[in-house]
Amino acid sequence: MTKIVRALLAAALGAAMAAPAALAQDQLTIMAPAAPGGGWDGTARAMQEVLQATGIVKSVQVENVAGAGGTRGIAQFVRRSGDSKQWMVSGLVMVGAVIANKSPIGLNDVTPIARLTSEWQAIAVTPESKIKTMQDLAAALRANVAAVSWGGGSAGGTDHITAALLAKAAGADAARINYVAHSGGGESLAAILGNHVTLGVNSASEFMPLVEAKKLRIIGVSSAARIPGIDAPTFKETGLDVVIGNWRAIMAAPKLKDSDRDAVAQLVDRMVKSDAWKAKLKERGWENNYLPGPAFAKFIADEQKQVGEILAAVGIGK
Amino acid sequence: MEALQSLAGGFGVALNPVNLMWSFVGVLCGTLIGILPGIGPALTIALLLPVTYKLDPVASFVIFGGIYYGAMFGSSTTAILVNTPGETGSLVTTIDGHRMARKGRAPAALATAAIGSFVAGVIGTAMLALVAPEVVKLALLFGPADYFALMCVAFVAVSSLLGSSLLRGLLALFIGLALGLVGIDQQTGAARFAFGQLDLLDGIGITVVVVGLFAVGEALYQATLPRAGGSTVTPLDGPARMTAAEWSRSWKPWLRGTAIGFPLGAVPAGGTELPTFISYQTEKRLSPRPEEFGDGAIEGVAGPEAANNAAVAGVLVPLLTLGIPTSATAAIMLAAFQQYGLQPGPLLFGTRPDLVWGLIASLFIGNAMLLVLNLPLAGLWARLLYIPAPWLHGGILLFAALGVYGVNRSLFDVGVMTACGVLGLIMRRLDVPLAPVIVGMILGPMAEVQFRRAVQIAQGDLWVFVTRPISLSLLLIALALLIGPVLWRRARANAGSKA
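The listed protein sequences derive, respectively, from chains A and B. The first sequence begins at 36 in my numbering and counts up one residue at a time. The second sequence begins at 877 in my numbering and counts up one residue at a time.
To be clear, the hints were calculated from the coordinates, so they are not data collected in a lab. A quick note: this is a predicted structure, and the numbers were derived from the prediction, not measured. Virtual Cβ for every residue (Gly too), placed ideally from N, Cα, C. Hints are not guaranteed to be accurate.
As the list claims (entries may be wrong) - Listed next, the in silico BS3-like pairs over lysine-lysine satisfying Cα-Cα at most 27 Å (straight line): (1) A:Lys308 - A:Lys137; (2) B:Lys930 - A:Lys308; (3) B:Lys930 - A:Lys317; (4) A:Lys165 - A:Lys250; (5) A:Lys317 - A:Lys250; (6) A:Lys317 - A:Lys93; (7) A:Lys93 - B:Lys930; (8) A:Lys333 - A:Lys137; (9) B:Lys1013 - A:Lys250; (10) A:Lys290 - A:Lys333; (11) A:Lys165 - B:Lys1013; (12) A:Lys271 - A:Lys340; (13) A:Lys271 - A:Lys167; (14) A:Lys333 - A:Lys271; (15) A:Lys165 - A:Lys290; (16) A:Lys313 - B:Lys930; (17) B:Lys1013 - A:Lys249; (18) A:Lys290 - A:Lys167; (19) A:Lys271 - A:Lys165; (20) A:Lys167 - B:Lys1013; (21) A:Lys292 - A:Lys308.
As the list claims (entries may be wrong) - Residues from chain A that keep clear of chain B, each with C-beta distances beyond 10 Å, as calculated: (22) Asp76; (23) Thr106; (24) Val113; (25) Gly141; (26) Ile166; (27) Gly191; (28) Glu247; (29) Thr273; (30) Lys290; (31) Asp293; (32) Ser294; (33) Asn323; (34) Ala330; (35) Ala348.
Generate coordinates for the entire structure from the input sequences, incorporating the hints supplied.
Shown next, in the form of structure tokens:
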């Protein structure tokens, strides 16, 4: 008799234990550690749409926690330990922000799932600029690194990192680059178009409309291979060994059980391989740069090292 | 002429009943969020993006245009009636607008704000349609040194906002400058005055301070007043519309406000606040009754309210012609364009004329709707002042806290708001003006960042401010505004003593 009761209890308990794993497919919260409207928010909302439309997850909520380059968001996120229904969008900018803000909590404190997309960087000049090629730029940097002013986004962000890496690769002193930070893409584009800075550094997609209108020229891109539709060499081709993309990734809550982590990775894998996701990437102009599993964890470690070194060189996060 | 033809085509798109309805939805939403302190057009549009994505692009831009203008209309309402600007663009309106309301002229203040906004919105939109490509070329000429010089003009201009006591005004201005320093320094990425708090790294939100100082501070202040004496507000006195004298005092400020607001909105660092400061100063200087300013001068409402709406049209110039967003709202609108796979810029006028001209035409229609919506409401809104003060301010406190919390879902922000409320109470008690705090918070960081950019690009050469013609002329204007009145008074005194 007691045996039967025990067996029943065990079965009920087992069912109760198994239930959360099944529920993971029903609902989900994705944190965008930024304000509505930006790239992380866009990634979270694109995932929400695709996951729901394909039926991979029934109900997805997007939660915005803006501030401090995502470090405010990740600080809240780590409190959701062990909950496989809590995901967060992250990326290169957060790697930089953790270092710059000396945040005690970093990407090592959450569970990496996969890198999803990359946006490549580009260097652009106005048609009347004296700098016509990446070789011109490298020569100008070697002649007087401070005489070249770069117009780009926030200090310590992807644009700043790109500029510093290029200066270093050209053999100039990265610590002395004349990087002029702007609060948003619009403000820096205006400074570039008005010839108030020597050149602009930004994501290639932000430059494209002005390139098509022949108001700007792209002289180099940060990808490993040439980008279709952009008539410019890669940095590497021009002798500057810099490959850097503004990557965005999906992370899960800290301290997940291995089985939960694999389940999350599987959901993400199904999403990335869906036609709806491919259509979404095309619409947004994001390049698919999917990298799951241990390879992604290693990639994060490499990025942390590269970004840490270059930010230290330009004097950020000291 | 070509533009006029295209515009006619645009009206064809915008006057379609479905788009008319969306335009109405937009202006209504805009007016409401303009009235609610804390929630601004940028946030509203961002939150609506996923919803409007299902609509066709023309319809969603008609809504967004309506929201943007509507917010500027609505924010003057709370500025005038309850001394709390709904958006920072209506900060200056609190000074004379609220005095007018206290004297029973709330309907006139609301009407001059609404009509001024309409006039500026229509002229600004017309300029957007006709001269946008030329304006944007001029706007791009502005470099960091020129912006810094423009900020110098603005700093001189705000002297008229400092109130009767220079010492108290400067005290308030410096509180604002100090608050503006908090957070990550844009040029170096270094944290300043953040005390290791993650919540302070992005600085103190300006809306949080505005709501705290004005709404919460006012409520606390009212609570400390003796109840028996009753309110000092005269809800209504005189006709519920503008008198002939008020009309004749308003129309010139409307036009001057437009002339100041549109170009300053179009330059890539202008925004909607800066033109209102300069407009207020201009009106005070030109008025034959400068002593009335600060005590309910209608020009002090008419000019700045026209200026902030014209600036909205100005902000759309670089957005539509170059795809360059120069305000938070414009940045979100750019994201909205991109959501449809559209890229604003020189090519958009060619590839999607229906969209661009439909949007421009709907801005005209939206402005007309806002006028029709707001003029009859002016008398009705003014009746809000009949609500007993404890109830009114209780309601304002609730909405203020909700609005501030809703923006970032941050309890920290609510705490900052409360602290600013206490500061506002103390400042009111000591008769220190509030507006200069916000002016300092807006102008201080802008002036600093432009100064440092200019010097950095010039590799440390300070002459950059006087070798550029735009910068030099602006600095000379600032100097003339600063010492001109003093010299003028001296000269008059000398002439008087000789006679």
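Now the hints, each set against the structure:
1. A:Lys308 - A:Lys137: violated (37 Å)
2. B:Lys930 - A:Lys308: holds (24 Å)
3. B:Lys930 - A:Lys317: holds (18 Å)
4. A:Lys165 - A:Lys250: holds (15 Å)
5. A:Lys317 - A:Lys250: holds (25 Å)
6. A:Lys317 - A:Lys93: holds (24 Å)
7. A:Lys93 - B:Lys930: Holds, because 20 Å separates the two Cα atoms, which is no more than 27 Å.
8. A:Lys333 - A:Lys137: holds (22 Å)
9. B:Lys1013 - A:Lys250: holds (12 Å)
10. A:Lys290 - A:Lys333: Holds - the C-alpha atoms of lysine 333 of chain A and lysine 290 of chain A are around 18 Å apart, at most 27 Å.
11. A:Lys165 - B:Lys1013: holds (21 Å)
12. A:Lys271 - A:Lys340: Roughly 20 Å between the alpha carbons, so the hint for lysine 271 of chain A and lysine 340 of chain A holds.
13. A:Lys271 - A:Lys167: holds (17 Å)
14. A:Lys333 - A:Lys271: With a Cα-Cα distance of about 23 Å, the restraint between lysine 333 of chain A and lysine 271 of chain A holds, given a limit of 27 Å.
15. A:Lys165 - A:Lys290: violated (54 Å)
16. A:Lys313 - B:Lys930: With Cα atoms ~19 Å apart, lysine 313 of chain A and lysine 930 of chain B stay inside 27 Å; holds.
17. B:Lys1013 - A:Lys249: Answer holds: lysine 1013 of chain B to lysine 249 of chain A is near 15 Å, not above 27 Å.
18. A:Lys290 - A:Lys167: Answer violated: lysine 290 of chain A to lysine 167 of chain A is near 51 Å, above 27 Å.
19. A:Lys271 - A:Lys165: Given that 27 Å is the threshold and the Cα spacing comes to 22 Å, the pair holds.
20. A:Lys167 - B:Lys1013: The hint holds at about 23 Å.
21. A:Lys292 - A:Lys308: holds (24 Å)
22. Asp76: violated (8 Å)
23. Thr106: violated (6 Å)
24. Val113: It holds; valine 113 of chain A is separated from chain B by about 12 Å at its closest Cβ, greater than 10 Å.
25. Gly141: holds (13 Å)
26. Ile166: holds (15 Å)
27. Gly191: violated (4 Å)
28. Glu247: Non-interface label fails for glutamate 247 of chain A: nearest chain B Cβ at 6 Å, not farther than 10 Å.
29. Thr273: Per Cβ check, threonine 273 of chain A is outside 10 Å of chain B; nearest 25 Å; holds.
30. Lys290: Lysine 290 of chain A clear of chain B: closest Cβ-Cβ about 22 Å, beyond 10 Å.
31. Asp293: Nearest chain B Cβ is 31 Å from aspartate 293 of chain A, so the label holds.
32. Ser294: holds (32 Å)
33. Asn323: holds (17 Å)
34. Ala330: holds (30 Å)
35. Ala348: holds (13 Å)
Hint compliance for this structure: hints 1, 15, 18, 22, 23, 27, 28 are broken, all remaining hints hold.
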